[in-house]
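Kindly produce the complete structure, drawing on both the sequences and the hints.
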Amino acid sequence: MHSHVFGRSLALFLSMGLVVGPAACGDNTLPSKGGVGGGDQSLSGEFAGSGASSQQSANEAWIAGFRQDHPQTRISYDPSGSGAGVNAFLNGSTIWAGSDAPLSKSQVKQSEAICQGGTAFDLPVYATPIAVAYNLGDAGLNGPDHHLKMEPSTIARIFSGRITNWNDPELARLNPGVTLPDLHITVVHRSDKSGTTKSFVSYLHDAAGSAWPYPVGENWPNDLGQSAKGTAGVVMTMTQAQGTIGYADAAQTTSLGSVAVRVGTKWTPPSAKAAARVLESARRDPEAREPRRVVLDIDHTTGQPGAYPVMLVSYDVACSVYRHDQDRSRARFAKAWLTYVVSAEGQRQAAANAGSAELSEAVRAMVMASVETIEVD
Amino acid sequence: MADVDQAMKEAAMAKEAGAGRRTPDRDPAGQAQGGTHSGARADRIFRFCARGAGILILLALAAVTLFLILKAFPAFIGDGGQRSKAIESLSGGRASGFWQYVGPLVFGTVLIAGLALLMAFPVAVGIALFISHYAPARLSTALSYVVDLLAAIPSVVYGLWGALVLVPHITGFWGWVARHLGWIPLFAGPAAAPARSVATVALVLAVMILPIITSVTRDIFLQAPRLQQEAALALGATKWEMIRLAVLPFGRSGIISASMLGLGRALGETMAVLMILSPGFSYALRLLRPSTSQTIAANIASQFPEADSTGVALLVATGLVLFIITFLVNYMARRITTKAGA
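Protein chains in written order, with this note's numbering: chain A, 1 to 377; chain B, 378 to 719.
Calculated from the structure, these hints are not laboratory results.
Where hints are given, some of them may not hold.
[What the hints assert, rightly or not] Selected chain A positions facing chain B (Cβ under 8 Å, derived; list incomplete): (1) P79; (2) G81; (3) G83; (4) D223; (5) S227.
Virtual Cβ for every residue (Gly too), placed ideally from N, Cα, C.
Here is the structure:
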């Protein structure tokens, strides 16, 4: 038991520094569509992006896949964080930025400096379910087959410190037949600013009603329990002690137990497929009115059977015309890159390597309409 | 730091004395031979190098100070509203003024480093005395070697060890402490599970600074005058009395210097704290609870990547505060040492 936890923690810890997940292996075995020496030779050079670390493994898969068709390109993605990524983009040092949050009004305004004759736009490229995960291994409740059932308001009461023990009557009522231990609940949350935190908090804000008293933001709103840096830090902290509960990318919490949340009349555990179902009914956020922007408004209170509404949607930010881009190589790259990323093939690669939810046809059509407007001649 | 300065000063004094003695040799007594000439030149070159090194360290210090002040400056000029917005963003809405922000960080830094010193100091002096006065020669050589080796382990290794091994294993112990000693406010529970608390961090830092303190104090104890020790024994003192009479008073200033070296390392320690502690933002003296404190250095490291330009200036300003604290600690140590030495 201990050595298992140790090995896992070590692996996670190392991944904090060099986030080279399983995605890095096997990328090169993609079937080449162009055949040996084929592909589009017209696009060449070095292209850089940076931003959200949540997109890291998906980007590794995309870079490998994209280079199959464009062997002359060298692409890098620096997972420096959403804020740093957007700043680098707004300085003009990268071609695109990955961001867990849509652009703010002032960022859109600022982007006039680098996007000629217009403003930057953000497009959803990556969506992943966020698991509400717990460690009750000693009670035999961990693993992918165990899901404690919780209402959104139950989750809100745990994460706001009003349910403090695992044998709370409310948890017992929702989970008949499960022996819950008499154990203090330790809430684990992110210590850094994070899109995952914002997504999780806005889910509680929308779905838990008055049970969740805090505003939505990228910082965790209370001082409860423990905090740790990054997804890897949160997962490591949870694995180190019994009775912890936290939220993290569902692909990273497979050794822990995860909560099946109440959706309509059913209990739905986190899965890419269930998250994709929510994306199908996602609407465009009416607040983001600037041209070409596609910001998704996730329906956290969905009652659709089999849908899992706790999820992170991550965006790519680009321009339709770049300044200082005489030969249009940056625009041509941005167009080709985004086209690949949101293609059925690109989404499948991300799903296979990062465990993300594939974007629905409807969302992809909206995104492609914006990508088409990137001027390349 | 302090003892290095001391050593340098002594070396410089010795050198000057040497140069002074050498001068008559160069007098036109007609005895100047080739060897003395090249010796004089080597002496000049050496003096030049040593002086250069001394000036270089001053320049480096000045450059660091200047950098901190210049980079922190933008946080204090200009728009106060923007500053308080940046502070709110850095602290997650827990503070809006600079001192309100830096206060808990200073508290956390001093608390953790102080606790580490408190735990490491008695053990370090014990090990040093054992090596210098109790252990058989063979064992003491081996122990000295091991201690020096420990001092060379990078802090990130201590951090990894703390986060991956110590934290999961010490959780039960702190829980026991909280249950049985919880009536003392310092140890009030519930203890953190996993134990990513101030107590665990201080323990790891204590282990980390132990070798430096041991290493320096051991060297001091070994230099305690033999004759006085033998005299004490001859007058019928027991070994402990002899150490108390002849060794500890002699080594007092050195022990303080060594502790300050250790404290300095603990104050500035970043990686180990970052890896182990669940950060918090308060003045709470609750060692076993999670999320109560954070240190300045670890805070800079964790906030830097996501900070905007005002945020970076503010973080550098907290770095300046840490710099001043370290300076004060060294200064006080100097005062104590000179008083003790006099």
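A quick look at each hint next to the structure:
This hint is violated: P79 of chain A has a C-beta 10 Å from the nearest C-beta of chain B, more than the 8 Å allowed. A hinted interface residue such as G81 of chain A counts as satisfied when its beta carbon comes closer than 8 Å to some beta carbon of chain B; here the least separation is about 5 Å, so the hint holds. The interface hint given for G83 of chain A is met, as the beta carbon of that residue sits about 5 Å from the closest beta carbon of chain B, less than 8 Å. Annotation: interface hint on D223 of chain A holds; nearest CB of chain B at approximately 6 Å, less than 8 Å.
Because the closest C-beta pair between S227 of chain A and chain B is about 5 Å apart, less than 8 Å, the hint holds.
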